[in-house]
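Enquirer: If you want the building blocks of each chain, they are given just below.
Number of protein chains: 2
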Amino acid sequence: MKEYYAERVGTMAGGELGDLMRLVGRDDIISFAGGIPSPDVFPLAELKEITLGLFENEPRQVFQYSSTEGRNELKDFIVEFLSRRGVNTSREELIITSGSQQALDLVAKVLVDPGDPVLVEKPGYVGGIGALKSYQARILGIDMEEDGISIDCLEETLKKTVGKERPVKYIYLVPDYSNPSGARLSVEKRRKILDLAGKYNFYILEDTPYSELSYYEERLDYIKKYDEENRVIMLGSFSKFFVPGLRVAWVCAPRPFIELLSRAKQDADLASSTIGQLIITRAGEKGLVETQARKVREFYRPRLEAMGRALEKYFPAETSWFTPRGGFFFWVKLPAGVNSKELLAKTIDEDKVAFVPGTAFFADPKDGYSYVRLSFSDIEPAMIEEGIKRLGEAIARYSG
Amino acid sequence: MKEYYAERVGTMAGGELGDLMRLVGRDDIISFAGGIPSPDVFPLAELKEITLGLFENEPRQVFQYSSTEGRNELKDFIVEFLSRRGVNTSREELIITSGSQQALDLVAKVLVDPGDPVLVEKPGYVGGIGALKSYQARILGIDMEEDGISIDCLEETLKKTVGKERPVKYIYLVPDYSNPSGARLSVEKRRKILDLAGKYNFYILEDTPYSELSYYEERLDYIKKYDEENRVIMLGSFSKFFVPGLRVAWVCAPRPFIELLSRAKQDADLASSTIGQLIITRAGEKGLVETQARKVREFYRPRLEAMGRALEKYFPAETSWFTPRGGFFFWVKLPAGVNSKELLAKTIDEDKVAFVPGTAFFADPKDGYSYVRLSFSDIEPAMIEEGIKRLGEAIARYSG
Numbered sequence: 112m113k114e115y116y117a118e119r120v121g122t123m124a125g126g127e128l129g130d131l132m133r134l135v136g137r138d139d140i141i142s143f144a145g146g147i148p149s150p151d152v153f154p155l156a157e158l159k160e161i162t163l164g165l166f167e168n169e170p171r172q173v174f175q176y177s178s179t180e181g182r183n184e185l186k187d188f189i190v191e192f193l194s195r196r197g198v199n200t201s202r203e204e205l206i207i208t209s210g211s212q213q214a215l216d217l218v219a220k221v222l223v224d225p226g227d228p229v230l231v232e233k234p235g236y237v238g239g240i241g242a243l244k245s246y247q248a249r250i251l252g253i254d255m256e257e258d259g260i261s262i263d264c265l266e267e268t269l270k271k272t273v274g275k276e277r278p279v280k281y282i283y284l285v286p287d288y289s290n291p292s293g294a295r296l297s298v299e300k301r302r303k304i305l306d307l308a309g310k311y312n313f314y315i316l317e318d319t320p321y322s323e324l325s326y327y328e329e330r331l332d333y334i335k336k337y338d339e340e341n342r343v344i345m346l347g348s349f350s351k352f353f354v355p356g357l358r359v360a361w362v363c364a365p366r367p368f369i370e371l372l373s374r375a376k377q378d379a380d381l382a383s384s385t386i387g388q389l390i391i392t393r394a395g396e397k398g399l400v401e402t403q404a405r406k407v408r409e410f411y412r413p414r415l416e417a418m419g420r421a422l423e424k425y426f427p428a429e430t431s432w433f434t435p436r437g438g439f440f441f442w443v444k445l446p447a448g449v450n451s452k453e454l455l456a457k458t459i460d461e462d463k464v465a466f467v468p469g470t471a472f473f474a475d476p477k478d479g480y481s482y483v484r485l486s487f488s489d490i491e492p493a494m495i496e497e498g499i500k501r502l503g504e505a506i507a508r509y510s511g
Numbered sequence: 112m113k114e115y116y117a118e119r120v121g122t123m124a125g126g127e128l129g130d131l132m133r134l135v136g137r138d139d140i141i142s143f144a145g146g147i148p149s150p151d152v153f154p155l156a157e158l159k160e161i162t163l164g165l166f167e168n169e170p171r172q173v174f175q176y177s178s179t180e181g182r183n184e185l186k187d188f189i190v191e192f193l194s195r196r197g198v199n200t201s202r203e204e205l206i207i208t209s210g211s212q213q214a215l216d217l218v219a220k221v222l223v224d225p226g227d228p229v230l231v232e233k234p235g236y237v238g239g240i241g242a243l244k245s246y247q248a249r250i251l252g253i254d255m256e257e258d259g260i261s262i263d264c265l266e267e268t269l270k271k272t273v274g275k276e277r278p279v280k281y282i283y284l285v286p287d288y289s290n291p292s293g294a295r296l297s298v299e300k301r302r303k304i305l306d307l308a309g310k311y312n313f314y315i316l317e318d319t320p321y322s323e324l325s326y327y328e329e330r331l332d333y334i335k336k337y338d339e340e341n342r343v344i345m346l347g348s349f350s351k352f353f354v355p356g357l358r359v360a361w362v363c364a365p366r367p368f369i370e371l372l373s374r375a376k377q378d379a380d381l382a383s384s385t386i387g388q389l390i391i392t393r394a395g396e397k398g399l400v401e402t403q404a405r406k407v408r409e410f411y412r413p414r415l416e417a418m419g420r421a422l423e424k425y426f427p428a429e430t431s432w433f434t435p436r437g438g439f440f441f442w443v444k445l446p447a448g449v450n451s452k453e454l455l456a457k458t459i460d461e462d463k464v465a466f467v468p469g470t471a472f473f474a475d476p477k478d479g480y481s482y483v484r485l486s487f488s489d490i491e492p493a494m495i496e497e498g499i500k501r502l503g504e505a506i507a508r509y510s511g
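In order, the protein sequence lines correspond to chains A and B. Basically this note's numbering = 1-based index in the first sequence + 111. Basically this note's numbering = 1-based index in the second sequence + 111.
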C-alpha cells in the first residue's frame, strides 16, 4: 500500500513521541517525559458535582452533537476569562477546538501550502512542528534566548524572505514558559514582533497553554492585547491548568478567519465533545476555573523547585540548564559528546528513568542531540529527586 | 489575509451545512435537516450510573489525557463487538478517532495528493465529500441504485483510469442505509466490489454508521468480513445508534495503516476525549451498547413509517422517493423545474419547514438541484406528518 501514501506522509513526524508516552504509565520507570498535568491537583469532587448537575439539568444535551463552532455558553465564559486578562472579544471571534493541537492543525491546513515558510521557536513545541510538517511547511527556526526568541535572528530571517516568491505566512509562538525551553517572551519583544509582523506582513499564532502556570510573577499581557492590525491568531487551552482529557480549547481571531476554521473543522471532526464543553462551561460559571488557575501555581512550584535542587545536586558540572519561572519543563544541555537519543535507550533499560531527547523539538533533529527535556509536572518531589539522581549518574557514566 | 489562504481552501466545502444545522434548535421550524439521533432514545439513566461509577472507580483517569491510539479496554470491547458480527480483529488493528468524521479526514490526509482520483457514491455523504475536497481529491461519483452503487458505472469509471498517471486510491462506501440515498448495498455487489478492488488495485473505505439501524431485516456481512487481501479500511461509530456527543468512533485496518493514522492523529488532536472513551467502554462491558442497538430499531421504525405515510398522503404526484429499510433518511426527487435550494429559502420563511437540498451530496452541486434529503430521526411522528404536509403543499405551490 505504501505506493499509495500521500506525499505529505514523507514529511509527517514519526511516532516517536507516542512511543515515549507509553512509558508514562510504567510503574518501574521514573518518567520525566510526559509533560502532562498531575491528576493530584484536578478538582475531582467539584467536577463530580458539576457532572451530576448536567444529568439533572440538561440530560438531553449532554450526549447530543454540539455545533461545529462550539457551544455559545462556553464562548461566553471564554469572553469573560479573556476580558479579565485584558483582551476584549466576542462569541463571533471564537471557535471551540478539540484541544489546541486541533487548532494548530486547522490553522496550518487553511494557511500552509507545501513549501510555504513558517517561523517556529528553536527549540519549539513538537506538536506545533508536527502539524506544520504534516502540511509540508518549510519550517524556519528562530533561536531562543532566556527572554524568548532572538529578535536579531528573527529580523535576519525575515530580511532573507523579502522579494522571495513565497512569503512567510506566520510565526508560531508560545510566549509564556514555552515548551521545551521554559522561556518567557519579554514585553519589549512581544511589541517588537507585532511591529515586525506589520512591516513584513506575516501573522502571529500565539499559543498560551502555560500562561496560567506562572509560579513567581504576574502574567504578562498577551500579544493579542496589542493587536490593532488583526495579525494575531490566539490559541487557549484548558488542558494544562484545568484538565486535559476533555479536549477543550479555543481559537480567538477575527470573524472571517473563524469562519474559515469552522469550515475546516466541519471536515475534520464535525464538532467537539459536548460533555467536555458542558463541564468546562459550568466549572467556569461557578468560578472553579479561576480558582484552579490560582491553585495550580501553588501546586507545581514545589515540583519545579525540587527539580532545580536535584539538578544542582546530582547533575555533572558539564551540564547546564535554564531554570524556568513557570510551565512544566527544564531544558538541559548535555556534556559534549553525549547523544540524547542514545542516552535514553540506555537509561530506560539500565537506570529506569525516561525523558524526551531534544531531537523532537527541532525541525531538523540533529540540532537536538545535545539536549533533553525534563518535565516535573506529574511526579512527586521525592521521586523527582530519585529520578534526577539516577539520570545525573547515568550522564556522568556515559560522558566519562 | 485572503492572499495567504492555502490553495486547498479553494476546494473546501462552504459552511452551508453548518448554517442549516443551526435551524435544528429553532422552535418555530420543523426541521428535517438534522440527520441526528433522537435524545428520546438515549439510555440516560444507565449513562448517569456509568458516569458516576467513573468518579468512584477511576477518578484519576477520567480527566487525564488518553494515548493517541485510544484506550485498550475500549479496543477490547470493539474487538468483541466486531467478533459478534463476523469480523475477527485485534487491538493492534484498531485506532479510536474523534467521531468517524476524523477518520474520514485522517484517511484522506494520508492517502490523497491533490488531483488523486477517489470514488464516492453519487449522491454520497456530505462529510465524506467534504474531507476529500479539503485535500483536493479528484472526486468521481458512482451512480446509486436501489441496491447500492451501480457496478456498471463503477467498472466503466475504473476502465477509464487504466494506464493513467494517477490511479484511483480508494472508493468511499456507506454500504448500509447510506446517507442520503437510504440504499443498502447487496451481498453480490459487496463481493463484486472487493473483486474489482483486487483487479484494479484500489482500497475500500467502508463506513458503517447506520449498520445497526436496520428496521426490518438482518444485518448483511460487512465487506471487511470477506477482506482477504487487506483492501478494506473499516470505520465504525457509536454516534448514530448509541450517542453522538461523546465523539467516539474507530478505524479497523491492517497494523501498518493504523500506525500511519496514529502519526496523523497525533498531529491532528493528540488524543480523543477520555471521558467519552470510558463511558462507551463501561457501557459496552455492561451490555448496554448491544441492548441499545436492539432498542433503536424499534424506536426509529415508527418514525420511518410515519414519514412514508405522510409522503404518500401529502406529496404531489410529480415527486418520487426511495423508501429505505433502515437509517435516518428519505431521498426525494422534486417535480421538474423545482430547484431545491430556492425551495428551501422559501419554505424556511413562509412554511417554517427545513430540509437539506440535494446539492450538498454531490461533488458538483448542480447534480443535486432536483433532490431533497428528509431526515425522520429526531422528530416525533405527529410533527413528521405536519412538516411533510407543509412541505408537500409548498412543493405543489412552487411547481405549479
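These are computed hints drawn from the structure, not numbers from a lab. The model shown is predicted, which means the values in this text are computed figures rather than measured ones. Please note that a few of the clues may not be correct.
Since the list gives no way to pick out one identical chain from another, each pair is judged satisfied if it fits inside one copy or across any two copies.
[As the list claims (entries may be wrong)] Below 20 Å or equal to it, Euclidean Cα-Cα: the simulated EDC-like pairs (lysine to aspartate or glutamate) are:
| hint | residue 1 | residue 2 |
| --- | --- | --- |
| 1 | Lys244 | Glu118 |
| 2 | Lys113 | Glu203 |
| 3 | Lys310 | Glu114 |
| 4 | Lys452 | Glu167 |
| 5 | Lys275 | Glu118 |
| 6 | Lys310 | Asp338 |
| 7 | Lys244 | Asp224 |
| 8 | Lys271 | Glu167 |
| 9 | Lys303 | Glu339 |
| 10 | Lys244 | Glu340 |
| 11 | Lys244 | Glu370 |
| 12 | Lys463 | Glu496 |
| 13 | Lys159 | Glu169 |
| 14 | Lys444 | Glu328 |
| 15 | Lys113 | Glu267 |
| 16 | Lys303 | Asp224 |
| 17 | Lys113 | Glu370 |
| 18 | Lys424 | Asp187 |
Enquirer: Next, verify each hint and record whether it holds.
Expert: Going down the list of hints, with the structure as the test:
Taking the closest pair of Cα atoms, Lys244 and Glu118 come within 20 Å of each other both inside a single copy (11 Å) and across two copies (17 Å). Proximity of Lys113 to Glu203 under the C-alpha cut-off of 20 Å is restricted to the inter-copy arrangement: shortest distance 19 Å between copies versus 43 Å within a copy. When the C-alpha separation of Lys310 and Glu114 is checked against a cutoff of 20 Å, the pair qualifies only between copies, where the shortest distance is 16 Å, while the shortest distance within a copy is 44 Å. Proximity of Lys452 to Glu167 under the C-alpha cut-off of 20 Å is found in neither arrangement, the shortest distances being 52 Å within a copy and 40 Å between copies.
For a Cα distance limit of 20 Å, the shortest separation of Lys275 from Glu118 across copies, 18 Å, qualifies, whereas the shortest one inside one copy, 24 Å, does not. In this assembly of identical chains, the alpha carbons of Lys310 and Asp338 lie at most 20 Å apart only when taken from the same copy (14 Å versus 58 Å across copies). Taking the shortest alpha-carbon separations for Lys244 and Asp224, both the intra-copy value of 11 Å and the inter-copy value of 15 Å come in at or below 20 Å. Taking the shortest alpha-carbon separations for Lys271 and Glu167, neither the intra-copy value of 60 Å nor the inter-copy value of 59 Å comes in at or below 20 Å.
Taking the closest pair of Cα atoms, Lys303 and Glu339 come within 20 Å of each other only inside a single copy of the chain (14 Å); across copies the shortest separation is 61 Å, beyond that limit. When the C-alpha separation of Lys244 and Glu340 is checked against a cutoff of 20 Å, the pair qualifies neither within a copy, at 28 Å, nor between copies, at 32 Å. For the homomeric pair Lys244 and Glu370, the shortest alpha-carbon distance between copies (17 Å) is at most 20 Å, but the shortest distance inside one copy (24 Å) is not. Taking the closest pair of Cα atoms, Lys463 and Glu496 come within 20 Å of each other only inside a single copy of the chain (14 Å); across copies the shortest separation is 68 Å, beyond that limit.
For the homomeric pair Lys159 and Glu169, the shortest alpha-carbon distances inside one copy (15 Å) and between copies (12 Å) are both at most 20 Å. For a Cα distance limit of 20 Å, the shortest separation of Lys444 from Glu328 qualifies neither inside one copy, at 26 Å, nor across copies, at 66 Å. Within a single copy, Lys113 and Glu267 get their C-alpha atoms no closer than 40 Å, and across copies no closer than 26 Å, so neither meets the 20 Å cut-off. Taking the shortest alpha-carbon separations for Lys303 and Asp224, neither the intra-copy value of 27 Å nor the inter-copy value of 39 Å comes in at or below 20 Å.
With identical chains, the CA atoms of Lys113 and Glu370 are at most 20 Å apart between copies only, with a shortest distance of 12 Å across copies and 35 Å within one. In this assembly of identical chains, the alpha carbons of Lys424 and Asp187 never lie at most 20 Å apart, being 48 Å within a copy and 46 Å across copies at closest.
Hints 4, 8, 10, 14, 15, 16 and 18, counting from the list given before, are not met by this structure.
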